[in-house]
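Number of protein chains: 2
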Amino acid sequence: MPTPPFEKTEYESRLRRVRARMEAAGIDLLLLADPANMNYLTGYDGWSFYVPQLVAVPCQGNEDPLWLGRAMDRAQAPLTSWLPDARVIGYPESYVQRSDRHPMDWIADHLKGRGWDGRRIGTETDVYYFSPKALERLRAGLPNAEFVDADLLVNWVRAVKSPAEIACMREAASLVGGAMRAAFDAIEPGVRQCDAIARIYAAQIAGEAGFAGDITGLCPLIMSGRAAAAPHPMWTDDRFERDQTTAIELGAARRHYHASLARTLHVGRPPQRLMDTAKIVEEGLEAALAAMRPGVEAGAVEAAWRRVLDRHGLKKESRIGYSIGLGYPPDWGEHTISLRPGDATVLEPCNTFHIILGMWMEGWGMETSETVLITEQGAECLTRFPRGVHVKD
Amino acid sequence: MPTPPFEKTEYESRLRRVRARMEAAGIDLLLLADPANMNYLTGYDGWSFYVPQLVAVPCQGNEDPLWLGRAMDRAQAPLTSWLPDARVIGYPESYVQRSDRHPMDWIADHLKGRGWDGRRIGTETDVYYFSPKALERLRAGLPNAEFVDADLLVNWVRAVKSPAEIACMREAASLVGGAMRAAFDAIEPGVRQCDAIARIYAAQIAGEAGFAGDITGLCPLIMSGRAAAAPHPMWTDDRFERDQTTAIELGAARRHYHASLARTLHVGRPPQRLMDTAKIVEEGLEAALAAMRPGVEAGAVEAAWRRVLDRHGLKKESRIGYSIGLGYPPDWGEHTISLRPGDATVLEPCNTFHIILGMWMEGWGMETSETVLITEQGAECLTRFPRGVHVKD
Numbered sequence: 001m002p003t004p005p006f007e008k009t010e011y012e013s014r015l016r017r018v019r020a021r022m023e024a025a026g027i028d029l030l031l032l033a034d035p036a037n038m039n040y041l042t043g044y045d046g047w048s049f050y051v052p053q054l055v056a057v058p059c060q061g062n063e064d065p066l067w068l069g070r071a072m073d074r075a076q077a078p079l080t081s082w083l084p085d086a087r088v089i090g091y092p093e094s095y096v097q098r099s100d101r102h103p104m105d106w107i108a109d110h111l112k113g114r115g116w117d118g119r120r121i122g123t124e125t126d127v128y129y130f131s132p133k134a135l136e137r138l139r140a141g142l143p144n145a146e147f148v149d150a151d152l153l154v155n156w157v158r159a160v161k162s163p164a165e166i167a168c169m170r171e172a173a174s175l176v177g178g179a180m181r182a183a184f185d186a187i188e189p190g191v192r193q194c195d196a197i198a199r200i201y202a203a204q205i206a207g208e209a210g211f212a213g214d215i216t217g218l219c220p221l222i223m224s225g226r227a228a229a230a231p232h233p234m235w236t237d238d239r240f241e242r243d244q245t246t247a248i249e250l251g252a253a254r255r256h257y258h259a260s261l262a263r264t265l266h267v268g269r270p271p272q273r274l275m276d277t278a279k280i281v282e283e284g285l286e287a288a289l290a291a292m293r294p295g296v297e298a299g300a301v302e303a304a305w306r307r308v309l310d311r312h313g314l315k316k317e318s319r320i321g322y323s324i325g326l327g328y329p330p331d332w333g334e335h336t337i338s339l340r341p342g343d344a345t346v347l348e349p350c351n352t353f354h355i356i357l358g359m360w361m362e363g364w365g366m367e368t369s370e371t372v373l374i375t376e377q378g379a380e381c382l383t384r385f386p387r388g389v390h391v392k393d
Numbered sequence: 001m002p003t004p005p006f007e008k009t010e011y012e013s014r015l016r017r018v019r020a021r022m023e024a025a026g027i028d029l030l031l032l033a034d035p036a037n038m039n040y041l042t043g044y045d046g047w048s049f050y051v052p053q054l055v056a057v058p059c060q061g062n063e064d065p066l067w068l069g070r071a072m073d074r075a076q077a078p079l080t081s082w083l084p085d086a087r088v089i090g091y092p093e094s095y096v097q098r099s100d101r102h103p104m105d106w107i108a109d110h111l112k113g114r115g116w117d118g119r120r121i122g123t124e125t126d127v128y129y130f131s132p133k134a135l136e137r138l139r140a141g142l143p144n145a146e147f148v149d150a151d152l153l154v155n156w157v158r159a160v161k162s163p164a165e166i167a168c169m170r171e172a173a174s175l176v177g178g179a180m181r182a183a184f185d186a187i188e189p190g191v192r193q194c195d196a197i198a199r200i201y202a203a204q205i206a207g208e209a210g211f212a213g214d215i216t217g218l219c220p221l222i223m224s225g226r227a228a229a230a231p232h233p234m235w236t237d238d239r240f241e242r243d244q245t246t247a248i249e250l251g252a253a254r255r256h257y258h259a260s261l262a263r264t265l266h267v268g269r270p271p272q273r274l275m276d277t278a279k280i281v282e283e284g285l286e287a288a289l290a291a292m293r294p295g296v297e298a299g300a301v302e303a304a305w306r307r308v309l310d311r312h313g314l315k316k317e318s319r320i321g322y323s324i325g326l327g328y329p330p331d332w333g334e335h336t337i338s339l340r341p342g343d344a345t346v347l348e349p350c351n352t353f354h355i356i357l358g359m360w361m362e363g364w365g366m367e368t369s370e371t372v373l374i375t376e377q378g379a380e381c382l383t384r385f386p387r388g389v390h391v392k393d
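Note that the protein sequences, when read in sequence, are chains A and B. According to our numbering, the first sequence is numbered sequentially starting from 1. According to our numbering, the second sequence is numbered sequentially starting from 1.
No lab work stands behind these hints: they were computed from the structure. Note that the structure is predicted; figures quoted are calculated from it, not measured. Take these hints with a grain of salt, some might be off.
When chains are identical, the list treats them as one kind, so a pair holds in a single copy or across two.
Said to hold, decoys possible - With a cut-off of at most 20 Å between alpha-carbon atoms, the simulated EDC-like pairs for lysine to aspartate or glutamate come out as follows:
id, residue 1, residue 2
1, K315, D237
2, K316, D109
3, K316, E93
4, K133, D149
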């Protein structure tokens, strides 16, 4: 595996685009806690986000970002990041999970020593790995800084993928197709959900494609039996049964770039209501895909889908898709563009979406999805798995 | 699978102990965002923590907690929780990932409608799934409430396990032993890390034990080759080589209760420095285990270990263990008791620890660990996997 996964020029281009947004927002220093954003700009990778850590990006002077984390986790930086050693800073072990101090006390002090107190500092405010206490301690330790909300600043840059990122997503799409195939092969009456999950993980991670898959933002979701109408159930050791519909939503990740895929399987003779709904969903999916092209608003894609549903008297309240790409647990969505009414974001070439059509009815459900790349010509499905309800007898 | 996994009396006992702490702290309403704490009190389980959600616990009047989350995720509640339907409240889809509103606006409004504005409200402040913006919006929407820091309040209750919880951890220990065996079986020169990881996942989840394993707080960690001295590397498609030391740290979870285990494997003829270090670590582990009994301070356990290291001229800066149990990604630690200098917590029967001895040296490393239950008699290792460096030729 190269260290880091992309060319230095790719990281430079990412930094340039982030700095342009920082400049527009008047931000001198950007503090990032989302591990996907940290990875995006520096390559840093590791399961160290369960303790506080940041990447600090100075706006001016082309100064390299700083990685600031737990001292022991500096060891992951030379394996994964292009950052020079001197820009990889560790806080002492004595700051880990203590009630009388916080890693952000140390980090604030370090940033003060570098002259950042009194400057305008942007932080993320609604990410998973940056807590209210973390922000409070940073503020307390940098009393002369002006803190501004820079939530999603990097995520919006990430919404347009480079050719190298798209290549990763194509590899992920190949893994996720194999994982869905493994699920379909595994699901038989009497087989436990966890046995299918084990086969799915093996295909996601080791695959047949000749390269490793990474851990996915969401775990594989099996909507079957008692959980058939629940969108985010954890797997169990319940056994699959004959005459049961199972919806499966899963992702695969290559260098933490995701492709996600949902399909529905029926073991036995499928009920008419399932086949009827699936046909409408398929028609709606085609309408949405046909609407996806540069220059179109995100909301218009959902409207194309909804027109089909309306015609058939069906309803779906939740959004039908979102920007997807680089991610760590617990999510693979980028929290920027949503395919739903009122989202006025104009689609651009190299946006990537997970368009997910989950129909959770009274006591049963079905799902279908694709991971989609916007090209000049329109929507290209990166995932290539046969559509429609799969029937197994 | 029963719904929920434990008897109602178990949840009542947990609530009683949490309410006693709330009363002592003068907290009228406790808002929990840590999915482990939400699960602990209500049984609620699902991969829905990637959007904001809370469990609200009223202190007085024996009123059932409220689950407050995304409307579609109410569907997981009847599958996993003992909460009555009327206490499972969903915010509309139109609040999900929008820049102009936040789920906590809706939740604050809902709590105000129930009369909680003007009361004393405790929140977690340093958990993974409760952001600075979430707290800010709650405060803004409940302007007459007094917000107090209730971080770790429930975690401290969780530090003492019930017999039913210990039974889950024993099951997890059986899964994790199988997963370590799978790793050792898989690792051969020429095999990719991801192939070993696939085997590990299969054993963690489907196992041979007759019950499903759940997703683990940390992903499996393989410290090998270039990453031999890194404590938290992500797996790659690098191939194992002859004459290579590999440390493996992994967990297994049963009903989200963890047992974790680390061991070290050498393929080929092990170097003397590895065997010498392993012998000292083994002696230190025995000393630490011998020191673990009710009435002893956590810091004294580390001191017993350190005396052995000092005698041999070795050093380890990081803590040697922490309270372990119920957890969701990204952690299985409970963030309460640490086995390190200065931690004055007095060990009690039914505390559970992951005692982890990771020695990351210059360019190489080794690890050994056990998941340990404190009994009246002392330390009982729940994990039962042969110790020492495993050598494979």
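So which hints don't hold here, by number, going up?
1, 2
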